[in-house]
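Protein chains: 2
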Amino acid sequence: MIKVTGYAAKHSFSRLKKYEFEREDAKAHEVEIEVLYCGVCHSDIHQVKNEWHNTVYPCVPGHEIVGRVTKVGPAVRKHAVGDLVGVGCMIDSCGQCEACASGDQNYCMAPNSWLATYNGPMQPKSKVGENIYGRDNTFGGYSNMLVVKEDFVLKIPAQLKPEVAAPILCAGVTTYSPLKHWGVKAGDKVGIIGMGGLGHMAAKIAKAMGAEVTMFTRTREKIEEANKLGFDAVIEDDKQALKDLEASFDFMLSTVPEKHDINNYVQLLKRNAALVLVGALEPMAPVDNMQVAFKRRTVAGSLIGNLAETQEVLDFCAEHNIGPEIEIIRMQDINDAYNKVEKGDVRFRYVIDMASLKEEMGE
Amino acid sequence: MIKVTGYAAKHSFSRLKKYEFEREDAKAHEVEIEVLYCGVCHSDIHQVKNEWHNTVYPCVPGHEIVGRVTKVGPAVRKHAVGDLVGVGCMIDSCGQCEACASGDQNYCMAPNSWLATYNGPMQPKSKVGENIYGRDNTFGGYSNMLVVKEDFVLKIPAQLKPEVAAPILCAGVTTYSPLKHWGVKAGDKVGIIGMGGLGHMAAKIAKAMGAEVTMFTRTREKIEEANKLGFDAVIEDDKQALKDLEASFDFMLSTVPEKHDINNYVQLLKRNAALVLVGALEPMAPVDNMQVAFKRRTVAGSLIGNLAETQEVLDFCAEHNIGPEIEIIRMQDINDAYNKVEKGDVRFRYVIDMASLKEEMGE
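Chains as they are written, first to last, in UniProt numbering: chain Y, 1 to 363; chain U, 1 to 363.
Simulated from the structure, these hints should not be mistaken for laboratory data.
Please read all numbers here as calculations on a predicted model, not as lab measurements.
Please note: incorrect hints may appear among the correct ones.
Because identical chains share one entry, a pair is satisfied inside a single copy or across any pair of copies.
Below, in silico cross-link-like pairs of lysine-lysine (DSS-like), each with a Cα-Cα straight-line distance of 25 Å or less [to be verified]:
{"no.": "1", "residue 1": "LYS180", "residue 2": "LYS239"}
{"no.": "2", "residue 1": "LYS270", "residue 2": "LYS180"}
{"no.": "3", "residue 1": "LYS127", "residue 2": "LYS270"}
{"no.": "4", "residue 1": "LYS228", "residue 2": "LYS127"}
{"no.": "5", "residue 1": "LYS49", "residue 2": "LYS27"}
{"no.": "6", "residue 1": "LYS125", "residue 2": "LYS243"}
{"no.": "7", "residue 1": "LYS49", "residue 2": "LYS125"}
{"no.": "8", "residue 1": "LYS243", "residue 2": "LYS127"}
Go ahead and model the full structure; you've got the sequences and the hints to work with.
Given below as structure tokens:
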């Protein structure tokens, strides 16, 4: 067993604090990783606060993890000690179902679906009455060490700084996957709704794909920031701007992490175009099917991305020299960081420097 | 001018009754048609009652029209006197926009969009400030004569009875178009929600395409009727049946003509599969994006079909020897028929025999 130090929430109403636990040693196909950086995702907050009504406590969040391989199991072929690697939202899937067979582990159809990097299987034993992974909880990247199956460990390209690479493992692939799946291409007009961690990554990726990008935000101060990053930007309640943009977008992506009204955005889609929601995993405001049907529009959802897409987006960001705008924080600042994320005060992704944990470990 | 007798509503709260009006004589590219049969569509009732808040009165409904050509303009090439022909929901479109250029007149992007067979342009002058068609109202097939541009007149195949062909012009194409657009093919499992005029046609067409069809209805008595027609059928609130069907459908089509909760049906879709709404043109109940995103599902809308698809579905029904289940009524019975449609008492489509109008014309 490996002694591990992390930060955990004990209840939905408690602040995160130091938590010591053990991880099993790396098995034949597993890799032991020293965590260097871990991004702070809005879903960490949803999960800690039990806003999806499925949190298992203690909860050690973190699924935007970059670290260095410190040990490998005897059967590991893909990674070596010293490699800079990443771990995203998943650490296992059934490997047998039609989704896994076609490479879409993120849509694993096994009773428990995939095994999340933290909080255990996506469908817990309490809901589906079995647990193919034998673990009801898993502990994520807000910790100094991680042990993960080699297939679920990604390679961090040398051109990417490790702290910049971290958010690509969730915010990056969650937006890259639908942009790719719905065929966004050079010359397309793409709208990105919400300008947080996911939204600003989506915009950078879409632009690198050759699309013309417009961001929609509720925060007036972000207009200038969007322009600085090279994007058009519109305030969500600017009625004239919305009218001028009617039926003009080839694709739109909503990254807003909570229930919101998408009707204004549906009207901005061209005929046959899609609006895909990746932020809000909950009941949405009612959608007017008059607007949807009259241009054969589509409203869809998408969930992170598969392993191949995760490696692709890391390589894509390296190749196009793009990455998230980040602010490094210490592990001890996490509760304050959560408050700022909820207020929309972050520009644009907090990344925890795990070296800060060492002082609490007596090193 | 041609003297025409029809049935009209004068207000949103009035019953339909005899109404005499004039139509202009057929111009160079127009065809004059003696109406033989006209189907009764649920949207006739929505329109008569001003439930879409855009009805122009007097309102002469009817857009499932079969008749015989009685006169042709000098430039008409496609039709001849004596031909059995059909007219559906549209009688004109701009012909210039990208949608029209690609053959999708039903998504015409001109300011007024397409010209509806009754009630005038889809976007009235009062809304968009111009009217390319020069007509603020049009009178539909609840009348003895019609004059229509030849391009918007379809050919009724000889194998189809005229009264059976009539509902194919709206109920048929409205369901055929999305089944075709979303690529339904032999072996697919298709769910049809609602078992009225549209729903039962959708089921017949999907089955003729080689799909395995399950109908969902709120009316217990329709289960047996669905089975008789060769379809599986499930009551909408049969929780066990819905659970057993989870994630099993390649495609679903909702034909329910009013706001309804589709969350139970979204859960029945396979990964990457679509639920398309063609019945309800209004704000829907909230959809849980958790269910949508977790299998990258799609919710979309579709509006009737284009001219080519309308001819295709007529030919397809003739070839596969299918058609709607109809009940012939007299024009004078229309108000009673509306009541029955609203109660779901019709099995499955009323078709008006226009010969019944003659007695009111003193013939």
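These are the hints, each one checked on the structure:
no., hint, result
1, LYS180 - LYS239, "neither (30 Å within a copy, 36 Å between copies)"
2, LYS270 - LYS180, "both (18 Å within a copy, 20 Å between copies)"
3, LYS127 - LYS270, "between (40 Å within a copy, 20 Å between copies)"
4, LYS228 - LYS127, "neither (47 Å within a copy, 38 Å between copies)"
5, LYS49 - LYS27, "neither (33 Å within a copy, 70 Å between copies)"
6, LYS125 - LYS243, "between (48 Å within a copy, 18 Å between copies)"
7, LYS49 - LYS125, "within (20 Å within a copy, 52 Å between copies)"
8, LYS243 - LYS127, "between (45 Å within a copy, 14 Å between copies)"
Hints 1, 4, 5 from the earlier list are contradicted by this structure; the remaining hints agree with it.
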